[in-house]
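Please build the complex by placing chain B on the supplied structure of chain A, with the hints as guidance.
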Amino acid sequence: MGKEKLSFKQVHDSSSAKTTLCWFFLVVTCIKVLLFPSYRSTDFEVHRNWLALTHSLPLSQWYFDETSPWTLDYPPFFAYFERFLSVFAHIVDPQIVHLKEGLNYSSDKVVYFQRVTVILSDLSLLYGVYRLTRKLDSRKQKLVWTLVIWSPMLLIVDHVHFQYNGFLIGILLISLSFLEEGMDLLGGFVFAVLLCFKHLFAVAAPVYFVYLLRHYCWGGIVRGFSRLLIMGSLVVAVFASAFGPFFHLGQIQQVIQRLFPFGRGLCHAYWAPNFWVFYIMLDKGLAFILRKIGFNIQAPAASFTAGLVGDSSPFSVLPRITPSVTFIMVLLALSPCLFKAWKNPRPQMITRWISYAYTCGFLFGWHVHEKASLHFVIPLAFVAAQTPEDAKHYFLLSIVSCYSLFPLLFEAQEYPIKVLLLLLHFILMWSGFSAQFSDKAETRATTAHTTKKGDQFGSKGSLSADVKNNGFAIGLIESVYLAGLVVVEIWGQFLHPLLFGDKLAFLPLMLISVYCALGIMYSWIWQLRSIVKSH
Amino acid sequence: MGNKTKKNTTTTTTTYDDNNNTWHWILQKGTPTTFTTIALFAILIRFLVSLYPYSGFKTPPKFGDFEAQRHWMEITINLPIREWYRNGTNNDLSYWGLDYPPLTAYQSWIHGVFLRFFHPPSVSLFTSRGHESYLGKQLMRWTVISSDALIFFPAVLYFIIIHYNQPSRSRKTDLAWHITLLLLNPCLILIDHGHFQYNCISLGFTVAAVAAILSGKDLVGSVLYCLALNHKQMSLYFAPAFFSHLLGKCLRREHPVLEVSKLGFVVLGTFAAVWWPYLYSTQSFLEVIARLAPFERGIFEDYVANFWCATSILIKWKRLFATGPLKLLSFSLTIISCFPSMVQQIKSPSNKGFLYGLLNSSLAFYLFSFQVHEKSILLPLLPATMLAMEEPFIFRWFMQFAMFSMFPLMCRDGLIAPYFALFVLFILVLNTPDQNKIKENNYFYSYLGSTTRRLILFFSLILHIVYLTMQPPKKYPFLFEAIIMNLCFSQFVIVTLGCNIKQWMLNKNVKLDEIEKKLI
Chain A
1 MGKEKLSFKQ
11 VHDSSSAKTT
21 LCWFFLVVTC
31 IKVLLFPSYR
41 STDFEVHRNW
51 LALTHSLPLS
61 QWYFDETSPW
71 TLDYPPFFAY
81 FERFLSVFAH
91 IVDPQIVHLK
101 EGLNYSSDKV
111 VYFQRVTVIL
121 SDLSLLYGVY
131 RLTRKLDSRK
141 QKLVWTLVIW
151 SPMLLIVDHV
161 HFQYNGFLIG
171 ILLISLSFLE
181 EGMDLLGGFV
191 FAVLLCFKHL
201 FAVAAPVYFV
211 YLLRHYCWGG
221 IVRGFSRLLI
231 MGSLVVAVFA
241 SAFGPFFHLG
251 QIQQVIQRLF
261 PFGRGLCHAY
271 WAPNFWVFYI
281 MLDKGLAFIL
291 RKIGFNIQAP
301 AASFTAGLVG
311 DSSPFSVLPR
321 ITPSVTFIMV
331 LLALSPCLFK
341 AWKNPRPQMI
351 TRWISYAYTC
361 GFLFGWHVHE
371 KASLHFVIPL
381 AFVAAQTPED
391 AKHYFLLSIV
401 SCYSLFPLLF
411 EAQEYPIKVL
421 LLLLHFILMW
431 SGFSAQFSDK
441 AETRATTAHT
451 TKKGDQFGSK
461 GSLSADVKNN
471 GFAIGLIESV
481 YLAGLVVVEI
491 WGQFLHPLLF
501 GDKLAFLPLM
511 LISVYCALGI
521 MYSWIWQLRS
531 IVKSH
Chain B
1 MGNKTKKNTT
11 TTTTTYDDNN
21 NTWHWILQKG
31 TPTTFTTIAL
41 FAILIRFLVS
51 LYPYSGFKTP
61 PKFGDFEAQR
71 HWMEITINLP
81 IREWYRNGTN
91 NDLSYWGLDY
101 PPLTAYQSWI
111 HGVFLRFFHP
121 PSVSLFTSRG
131 HESYLGKQLM
141 RWTVISSDAL
151 IFFPAVLYFI
161 IIHYNQPSRS
171 RKTDLAWHIT
181 LLLLNPCLIL
191 IDHGHFQYNC
201 ISLGFTVAAV
211 AAILSGKDLV
221 GSVLYCLALN
231 HKQMSLYFAP
241 AFFSHLLGKC
251 LRREHPVLEV
261 SKLGFVVLGT
271 FAAVWWPYLY
281 STQSFLEVIA
291 RLAPFERGIF
301 EDYVANFWCA
311 TSILIKWKRL
321 FATGPLKLLS
331 FSLTIISCFP
341 SMVQQIKSPS
351 NKGFLYGLLN
361 SSLAFYLFSF
371 QVHEKSILLP
381 LLPATMLAME
391 EPFIFRWFMQ
401 FAMFSMFPLM
411 CRDGLIAPYF
421 ALFVLFILVL
431 NTPDQNKIKE
441 NNYFYSYLGS
451 TTRRLILFFS
461 LILHIVYLTM
471 QPPKKYPFLF
481 EAIIMNLCFS
491 QFVIVTLGCN
501 IKQWMLNKNV
511 KLDEIEKKLI
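Taken in order, these protein sequences are the chains called A and B. In terms of UniProt numbering, the first sequence opens at residue 1 and continues consecutively. In terms of UniProt numbering, the second sequence opens at residue 1 and continues consecutively.
Hints are computed from structural coordinates only; laboratory data are not their basis. Every residue gets a Cβ at the ideal spot worked out from N, C-alpha and C, and that includes glycine. Fair warning: there could be bad hints in the mix.
Unchecked claim - Capping the alpha-carbon separation at 27 Å, the derived lysine-lysine pairs in BS3-like fashion look like this:
(1) Lys-217(B) x Lys-352(B)
(2) Lys-135(A) x Lys-392(A)
(3) Lys-316(B) x Lys-418(A)
(4) Lys-292(A) x Lys-503(A)
(5) Lys-474(B) x Lys-316(B)
(6) Lys-392(A) x Lys-418(A)
(7) Lys-533(A) x Lys-135(A)
(8) Lys-172(B) x Lys-18(A)
(9) Lys-343(A) x Lys-533(A)
(10) Lys-172(B) x Lys-316(B)
(11) Lys-29(B) x Lys-392(A)
(12) Lys-109(A) x Lys-58(B)
Said to hold, decoys possible - Interface residues of chain B toward chain A, partial, derived using beta-carbon atoms under 10 Å:
(13) Pro-418
(14) Val-429
(15) Ser-460
If we strip away everything but chain B, and leave its shape as in the complex, we get:
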């Protein structure tokens, strides 16, 4: 009899949470707990991805980025500092010679010492070439994860604290969501912990520099940015934004010349400190510089979703032009494309405008500069993630195609499973249940139209499947890559245009706000 009576009494619960927060229970303890929870999850994901093979896994004789990084550790801990960048009997520069600025070399030295302590054979001079072992892999993975946790994570925390320190942005869910997006950036995780690189260090310094500048500490910000620049020269992508924003700010102060010279002094000081071991002679200095600018490697490598690669179907840039004119062409195109955003920041520097400026200048570099890798998409992705709350659509759209543009690389590295897992995870994070949706205020969202958007997404899904399952026709062995890159390139161009216009609209908004205030 009991089974019947119970049924009648059970009523479906319809509790309405007043503040509609599924995540109240994680958030109620405050930002530190929220950050710790998300950070632990992000580290877990990094460890999981690092279970997979790295680039060049079991592919002699050159292997891949993993071997390059390991080789730098081998070189830096076994040779005196002055020989690191110099070709010699002990240092064959043609075999993964060091081609990043000195900070990367110092980082390699620290990690090399770490590896030597636990597993000397993995970094011994000469004999460790192409070293691959269980323990060696673990230790190398640990070095990336620890750099990530020690540099990128605190930088994100710093940025979040600064960014959400304004009364208008006090919503805890937004904050948690933004932390998650920054720490769970699938592209960054795949490249650093799957493919194997140390982008987290230079990007971490950049995030910290941005946070410092947003909080008004321009000098600290410049030092941090110089560190980023000295870890990877690719951080130069952000230089126009930093330069124009800081210049614009200085011009508005009482003594512009003094302010500018202060910044210049700090920048030079930081550079001098990092380059100190190579400043004893002009020749040694130039030696290092020559290593950093590998113009001989051509205008683009493999398949990159930028202007040069996308248009090379029609115009064979590499055949038509020599390196010299190409250099000039790409340089001028880059400058022209990031010029509007620079002008805007010099004219009216603002915190929001700075973030847009970072995105626009890095996109300009990605699309038009010389020698771009597919991995370089990480650089414009960073400011896009920082703008995720303001530009949810642009961010989402950009991330999807940034991921897609790396798909051929991931396939080569054997990272297909983590690629899809992280992609799905990213989409899940974006569609967290009960998360208050921000109103789309970018007109590109409506401009594209929901049907077009769905069509493009559907097309890219089909391309994924085609790329995985079908053989390209023999006549065009790189047909699928070319299609993928052109699709991604077209989307990146849309994003670039949208963000440039958005940055210029900021001025209007400020004016509108002022008018509204006056009316009130």
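Chain A on its own, in the form it takes in the complex:
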């Protein structure tokens, strides 16, 4: 047992921090294992199909195969990853990797196997979290671990719904940790690798580009150029190792087409809570009012989700939105952050900037999934414990974005699970932030700051904020907004079916989208403000 030895060692050395982190991870692993038989979405079959097609087909056909409707639409590294997993899948049960017989295969073996691969791939998240938090004091560490390792969003999306977000975000976190430590070359390299796993992470590429250019490559023509060359060749090498084989086969066009299916609509089937929800609502509202006044407004023939079918616009009054419009909107929203990164490329701001970039992508992007909110909620957790303002913002954001994932799990069986996960997250966050910013913690923080001048996060602004603010409390508007979430949920679950029955079934979902979009918009504005105001 060896417990008696541990009891005498009450020193917080790094090895004990590692043990604690593993403890956090193992606890949540138990929960992940318990989630094995829960509901799984079609994404499960998508990934099973990818296992099958990478295993049974030669590389040249990976991006052409159409045996299943779930064709491969992730970049090559992810395909290689699936190829790697398929080796073990074949050992476990050959039917998993059979292209035709494996279709919609759902025995316990395949479920357990794929669920286990998600759990194991989460080790990259564990490593990323470890790298990013190893310099924090033990109290903040535990808070961040609670927010990230025990994130209800990751559990819902990865371990119930089924995806590999923990793995991918883990890679992002590793890259961020390199940047924060000043190892820019490695940071850039890992980010390039991440892009070859999932291209949707490219939204943050402009920030990476500007930051690395200014922070790594700037300073003297010779040194600058040589560094630019090193970084450039490294990135090119990564992309070459991913796309090279397909380039060699002359399939690059097909791969690109698969990766960027602009044939899809502006919104996903369930509207992600972003800016376009308001746009659509405004359009509907205007059309309604104009019709009342007497204008002849025709109902749109196309839908927002079905894509660019023909030339008809899904909007009745407002101008239609094309992918290029969303692209420009994202860049515009990003520009203040890019400007800041150009002016003063500070490593301690990089996590905020990257998170902000993903927020912009989420709000203004084309065909955004509600799951994409993970891309900024998880990285923001690492800065949430810095000041009470950060904590307040994160508290609201993580609850809203977790709630916005609720429609993903629509079966009765998972209902109590998702509610309990959110409630636990709420309580843990509340107690954690309260303890962090209580008076005692404050004095501790101030003494810590004074004893170690130039602490990695000890900007003067945060220090004064620590002293000024008395503890952690959320404002009236925020509380009312959060209480509103409960009302929205009660409406959708109980009152709506009671009053309308099966009619207007889209209404509760729309309500969730619109209501959560408010919170995400608030978070975007808050982040924008804090970035603009930072020095």
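Same frame as chain A, now just chain B:
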């Protein structure tokens, strides 16, 4: 240039928390928040386990405990109360006839009404036999979880408040840890929410009864214990402890006879209230009694880590003896084995001694009484969990082998994944980082020695793997089960001996304390 300068300034933080509490942030808000957090987590775990199949899932014609409970709901909501325990055209007692006391029947009725409201086909008379559906499963799972949350959880809170109301036990971490152990008992969760039973109700009443008696409210405690007894007759395992502790207490008061008769009156009153519908004639009363004592089912069922099953390898009890003498034998062995602990409590009743008494008497029943299930290990586990702070080693050791003794059952029910997940979770809770370790004061801990302990643990791990992966030889199809049960039995015997000696040592400690006080 920035990347180099930063490296030098970052120093590794070596903050020493004065009070060494990782969990300060959960605990600082006070017991209610701590309890709510842990309770929510415990409920989450229960919901997660209930995703898995139940006993008898898709195995006609008899199915399993799930079908039994569902069938009782069907019977109780469709038949008049007097026919519940009587064989008739509408009530075939050979198909999962009601064989628990009336409180279980009332509970089935309430849950049956609940099921009928949401999903009538799942409890309709006759047609619902072997009913299995998505909604039906959800609703049944909800009934267990709600009973757990409404009875067991408040009882634990009550116990914790009483138990930690003494100035010597004011450490918040201990309190939180103890709540977690009580609410996250892996065996209880697996049996109630995986296998499907309602042990949480009778165990909840028992916990509340213990808490009431610890706080001096003996009458309330007796009523609560009678309720536990009337929900599951297995609660009888605790009867010697309750009886001896209360008797010992009464004897020390001014009017022992009056006190005892007060308790007797309360007990009889509670029983009368619960049994009221069956008291109209002696025959109906005996009918119910006959249902509660299924002696025809043999001395043990399947594979139980008790004396009868473990020794049956050498002595074929079932073949050698008729039921009559076996009954007598097991009864006398049980009484003999719980006798020392009873005597101790009558001689010098104390709160701590009471908890030990509960553990010892329930262990004696588990090891020697008639017709024991592997699930009955839950009963001795309960007082062991209540003693977890005093006896960390005994508790840990006991829980590990209690889990192991249920492993074959879990395999049959298809609950292997939750078994291991909850086992690991339990070990993680035990090894919570920065949790102040209590000094081991049980000499069995040192007696066993770390090498022996590790060897036994290693052996049990190997047995897990062997049981999962290997086929037993054809000649001995139950070889592995027998080995598992004998290993668990031997450990239970050690635990029993250790706890009995510990209970008797309590007297010495009191005397030592008195001597010390006098010296000061």
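Verification of the hints:
no.: 1; hint: Lys-217(B) x Lys-352(B); verdict: holds, 16 Å
no.: 2; hint: Lys-135(A) x Lys-392(A); verdict: holds, 23 Å
no.: 3; hint: Lys-316(B) x Lys-418(A); verdict: violated, 52 Å
no.: 4; hint: Lys-292(A) x Lys-503(A); verdict: holds, 24 Å
no.: 5; hint: Lys-474(B) x Lys-316(B); verdict: holds, 20 Å
no.: 6; hint: Lys-392(A) x Lys-418(A); verdict: holds, 23 Å
no.: 7; hint: Lys-533(A) x Lys-135(A); verdict: holds, 26 Å
no.: 8; hint: Lys-172(B) x Lys-18(A); verdict: holds, 25 Å
no.: 9; hint: Lys-343(A) x Lys-533(A); verdict: holds, 13 Å
no.: 10; hint: Lys-172(B) x Lys-316(B); verdict: violated, 52 Å
no.: 11; hint: Lys-29(B) x Lys-392(A); verdict: holds, 18 Å
no.: 12; hint: Lys-109(A) x Lys-58(B); verdict: holds, 19 Å
no.: 13; hint: Pro-418; verdict: holds, 6 Å
no.: 14; hint: Val-429; verdict: holds, 8 Å
no.: 15; hint: Ser-460; verdict: violated, 13 Å
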